[in-house]
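Enquirer: Just so you know, the sequences run in chain order S and C. UniProt numbering applies: residue 1 is where the first sequence begins, and numbers increase by one. UniProt numbering applies: residue 1 is where the second sequence begins, and numbers increase by one.
A few of these clues could be false.
One copy or any two copies: either way a pair holds, since identical chains are not told apart in the list.
As the list claims (entries may be wrong) - Taking lysine to aspartate or glutamate pairs in the DMTMM-like style, the calculated list, with each CA pair at most 25 Å apart, reads: (1) K192 to D58; (2) K192 to E179; (3) K192 to D27; (4) K57 to D99.
Calculated from the structure, these hints are not laboratory results. None of these values were measured; they are calculated from a predicted model.
There are 2 protein chains.
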Amino acid sequence: MAGASQGRRRAVHSLEAVIGEAIALLDEAGEGALTFRALASRLGGGVASIYWYVSSKDELLDRATDQVVVDHLERTEDLPRAADPLAGLRELAVALFDDIRLHPWMGKYMMRDAEAQPHVMIAYERLGEQVMRLDMSPRDTFHAVSAVLGFVIGTAIDLGQEPPAGADLAAGDRDSGLEAYAETWRALDPEKFPYIHLIIEEFVGHDDAVQFRAGLDLILEGLRRTSAGEPGADD
Amino acid sequence: MAGASQGRRRAVHSLEAVIGEAIALLDEAGEGALTFRALASRLGGGVASIYWYVSSKDELLDRATDQVVVDHLERTEDLPRAADPLAGLRELAVALFDDIRLHPWMGKYMMRDAEAQPHVMIAYERLGEQVMRLDMSPRDTFHAVSAVLGFVIGTAIDLGQEPPAGADLAAGDRDSGLEAYAETWRALDPEKFPYIHLIIEEFVGHDDAVQFRAGLDLILEGLRRTSAGEPGADD
DNA sequence: TTCGAGAATAGAACGCTGTTCGATAAGGTA
DNA sequence: TACCTTATCGAACAGCGTTCTATTCTCGAA
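Make a model of the complete structure from these sequences and hints.
Expert: Structure representation (C-alpha cells):
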C-alpha cells in the first residue's frame with residue numbers, strides 16, 4: 001500500500017466537539033471531572049490543543065452553559081403560550097428548572113456573566129414578556145422576574161449540589177441518603193425541634209420537582225395578588 | 001542571658017484561630033484566596049499544622065460556615081417576634097439574607113451537608129416554627145419553608161458571585177459595572193427585547209436588598225393567601 | 001515544484017493547589 | 001530516665017490550569 005496511513009494520527013477537533021465533550025463529561029461525572037487532561041483524552045488529542053478553541057476554563061464553562069441554554073430555547077420555542085400570563089410564566093419557569101436539573105453543574109454559571117452567555121438573556125426576556133402582560137410598573141416587573149429567576153436558579157443549585165464524597169454506590173441510593181438524614185433528625189429533641197419533627201416524614205421520599213412547583217406557585221400566587229392590587233407602592 | 005529564647009519559635013494554634021483566620025481570609029479576599037499556604041502564613045505556622053485541627057478543606061469550609069451561622073443565631077436570638085407569623089418569618093428571612101450577604105462565600109455551603117453544619121438546622125427550625133403558626137398541613141409547611149429558604153440562599157448565592165476577573169479597581173466600581181451591562185443591553189433590538197428595554201433603567205442602580213425583599217414579599221403574600229384558603233389541596 | 005504563511009496540534013514544563021509522610025520537639029506521667 | 005501523647009512543620013507528591021515552543025498539515029503564490 002502506498003498510502004501514508006502509517007504513523008500516529010493527529011487528532012482533529014472543532015469548537016463544537018470541544019464544547020460537546022465538555023458537556024458530556026460534566027453530565028456524566030460531575031463538575032469535578034471536567035479537567036483539561038480528561039477532556040483531551042476524550043477528544044483523543046493533547047491538552048494544549050484545547051486552548052486553540054477556548055482561552056480558559058472559565059470560557060469553556062461559559063460556552064458549555066450557553067450551549068445548554070441554546071438547546072433549551074430550541075426545545076421550548078413553541079411552548080403553548082397560555083392565555084393567562086401567570087400560567088405562561090409558570091410553564092416557562094418549570095421548563096427552565098427541569099432543563100437545569102438535567103445539567104446540575106450549570107446553575108452556578110447562568111448568573112455569572114450575561115455577556116459571555118448571550119442566550120441566557122433570551123431566556124430572561126421570555127420570562128419577562130409574560131410578566132409584562134400583567135401591566136405592572138417597570139420596577140415591579142423587574143422585581144417579579146428577578147424573584148422567579150432567583151428562585152428557579154437558586155433552587156436548582158441547591159438541589160444540584162454534589163454530595164460531599166459520601167457513599168453513593170448502588171442505585172436507589174438517594175432514598176437511603178434521605179433516610180440517613182432523617183435518622184439523625186429523629187434523634188433531635190422534639191421539644192427543641194418541633195418543626196423538624198413535624199416534617200421529617202415529608203422530607204423522606206419527597207420529590208424535588210414537586211417541592212419546586214409548590215414554591216413557584218407561592219410566588220405566582222403572590223404575584224397575582226400584587227398585580228391585581230395596588231399599582232406599585234414604594235417598598 | 002540564660003533564657004532559651006533564641007532559635008525559631010514554633011507557632012501555637014487552636015481550632016478557633018484556624019476557623020477564625022479562615023473566615024477573615026474569605027471575607028477579605030474572597031473564596032479563591034483561601035489556600036492552606038495563605039492560611040498558614042496568616043497563622044504564622046506551617047501548612048501541615050492545619051491538618052491537626054481539620055482533616056480537609058471541605059471540613060474547613062463546613063466549620064467556617066457553621067461558625068458564621070452560630071454568630072448569626074446569637075445576634076438574632078431575641079428578634080422581636082411579631083404577632084403575625086408572616087411578619088416573624090419575614091424578619092428572620094431578612095436577617096438571614098443580610099448575614100449571608102456579609103459573607104458571600106458561605107451560601108454555597110449552607111445547603112451542602114446538614115450533618116456537618118449542625119447549627120444550620122437551628123436556623124431552619126426557627127423559620128419553620130413561624131410557618132407552623134399558620135396551621136397548615138405538614139406537607140404545605142415543609143414546602144413553604146423550603147421555598148423561603150431556597151429563595152433566601154439562592155438569591156444570596158446569585159448576588160454573591162465573584163466577578164469573572166474583570167476590572168475592579170476603584171470603589172464605586174459597582175455602578176460602572178452595572179452601567180457596562182446596560183450599555184450592552186441598550187444595543188439590543190427593542191423589537192426583539194421589549195422586556196430588557198423596559199427594565200434597563202431599573203436595573204441600573206438597583207439595590208440588591210430591595211430586590212430581595214420584593215421577591216420575599218411575593219412569596220409571603222402567596223403564603224398568606226394559600227394558608228387562608230384551601231387546606232392543602234393535592235397539587 | 002518549491003516556498004512560505006497560517007492554521008492546528010501537541011509534548012514538556014511552570015507555578016500553584018490540597019494532601020501525606022516522617023521527623024522533631026514539648027509536656028506530663030511512671 | 002524512659003515513654004507516650006499532643007502538637008508542629010519541612011519536604012515531597014500528584015494533579016490542576018496554563019504557557020512555551022516545536023512540529024505537522026494545508027494551500028495558494030511564485
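Enquirer: Hints first: check each against the structure and report whether it holds.
Expert: These are the hints, each one checked on the structure:
For the identical chains of this complex, K192 and D58 are neighbours neither inside a copy (45 Å) nor across copies (29 Å), given an alpha-carbon limit of 25 Å. Taking CA atoms no more than 25 Å apart as the test, K192 paired with E179 passes inside one copy only; the shortest distance there is 21 Å, against 49 Å between copies. Taking CA atoms no more than 25 Å apart as the test, K192 paired with D27 passes in neither setting, with 41 Å inside one copy and 32 Å between copies. For the identical chains of this complex, K57 and D99 are intra-copy neighbours only, at 23 Å inside a copy versus 31 Å across copies, given an alpha-carbon limit of 25 Å.
Hint violations for this structure: numbers 1 and 3, all remaining hints satisfied.
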